[in-house]
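Engineer: The residues making up each chain are set out below.
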Amino acid sequence: MTDFPLVAWALDFATVAVGAALVLAAWRLLRGPEATDRVLALDTMYVNVVALVILLGIRYGTDLLFEAALLIALLGFAGTVALSRYLSRGDVIE
Amino acid sequence: MNLHELHWAWQSLIAAMLVVGGAFALVGAVGMLRFPDFYMRLHAPTKATTLGVGGVLLASLAASWAQGGWGLHELLITLFLFVTAPVSANLMAKAALHLRVPSRAPVPDDQPTP
Chain Y
4 MTDFPLVAWA LDFATVAVGA ALVLAAWRLL RGPEATDRVL ALDTMYVNVV ALVILLGIRY
64 GTDLLFEAAL LIALLGFAGT VALSRYLSRG DVIE
Chain A
100 MNLHELHWAW QSLIAAMLVV GGAFALVGAV GMLRFPDFYM RLHAPTKATT LGVGGVLLAS
160 LAASWAQGGW GLHELLITLF LFVTAPVSAN LMAKAALHLR VPSRAPVPDD QPTP
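Here the protein sequences line up with chains Y and A, keeping their order. The first sequence lines up with residues 4 to 97 when you count with my numbering. The second sequence lines up with residues 100 to 213 when you count with my numbering.
Among the hints, erroneous ones may be present.
[Stated by the list, open to error] Computed from the model, here is a short list of chain A residues facing chain Y with C-beta under 8 Å:
#, residue
1, 113
2, 114
3, 127
4, 151
5, 152
6, 179
7, 190
8, 191
9, 200
FYI, nobody ran anything at the bench for these hints, they're computed from the structure. Here the structure is a predicted model, which is why all the values come from computation and not from measurement. Every residue, glycine too, gets a C-beta built ideally from N, C-alpha and C.
Just need the whole structure built from these sequences, with the hints factored in.
Structural biologist: As structure tokens, this is what we get:
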């Protein structure tokens with residue numbers, strides 16, 4: 004297990020997979036026939052960005068990026084709630 | 100800190116969690132791209148992608164524990180994502196129902212047409 008960098012290979016695979024998932028979600032965001040499809044694509048993209056930030060945190064061995072991941076998760080959820088309520092009520096805050 | 104100096108069991112656990120998490124995230128995005136109507140597309144990211152992020156966070160948690168940390172940040176992010184994913188999915192489904200987004204599911208015989 005000393006010569007074969009298992010964790011580095013897995014990190015590369017996960018980063019490429021999450022990046023590809025981001026590209027596919029962006030394609031759905033640009034194409035999506037309904038407005039709700041675009042909201043769903045944005046929701047998927049923020050979850051994938053959280054995963055990507057955590058992968059960078061593992062790769063560089065720093066704890067600082069977790070704060071960024073937590074902030075992205077919080078603001079992404081707030082954005083999804085605001086967009087969904089705008090679509091269903093026509094207003095974000097009544 | 101260097102992950103290659105850990106015990107091989109920790110390395111295998113972290114690598115397995117990373118591969119599973121990345122694969123689930125990719126499967127969720129492919130499902131969102133390929134399913135034919137919105138209500139089917141809602142299924143793939145809200146479950147598979149959340150599980151993929153859960154796998155990546157478990158890998159980070161294992162890396163933190165293997166190096167003698169507590170991993171409180173990872174636990175906090177995992178808890179937050181797993182609590183908010185069903186809420187946002189429910190809100191998006193309600194918005195789609197309100198906008199009358201077309202569905203490909205057949206209407207049952209004993210139900211009035213919405």
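Engineer: Now tell me if each hint is right for this structure.
Structural biologist: Verification of the hints:
1. 113: It holds, given that the least Cβ distance between residue 113 of chain A and chain Y is near 5 Å, below 8 Å.
2. 114: For residue 114 of chain A, the interface hint holds, since the closest Cβ of chain Y sits about 4 Å away, which is under 8 Å.
3. 127: 7 Å, holds
4. 151: With Cβ-Cβ at 7 Å, under 8 Å, it holds.
5. 152: 5 Å, holds
6. 179: 6 Å, holds
7. 190: 4 Å, holds
8. 191: At 5 Å from the nearest chain Y Cβ, residue 191 of chain A passes the 8 Å test, so the hint holds.
9. 200: 5 Å, holds
Every hint from the earlier list agrees with this structure, and none is contradicted.
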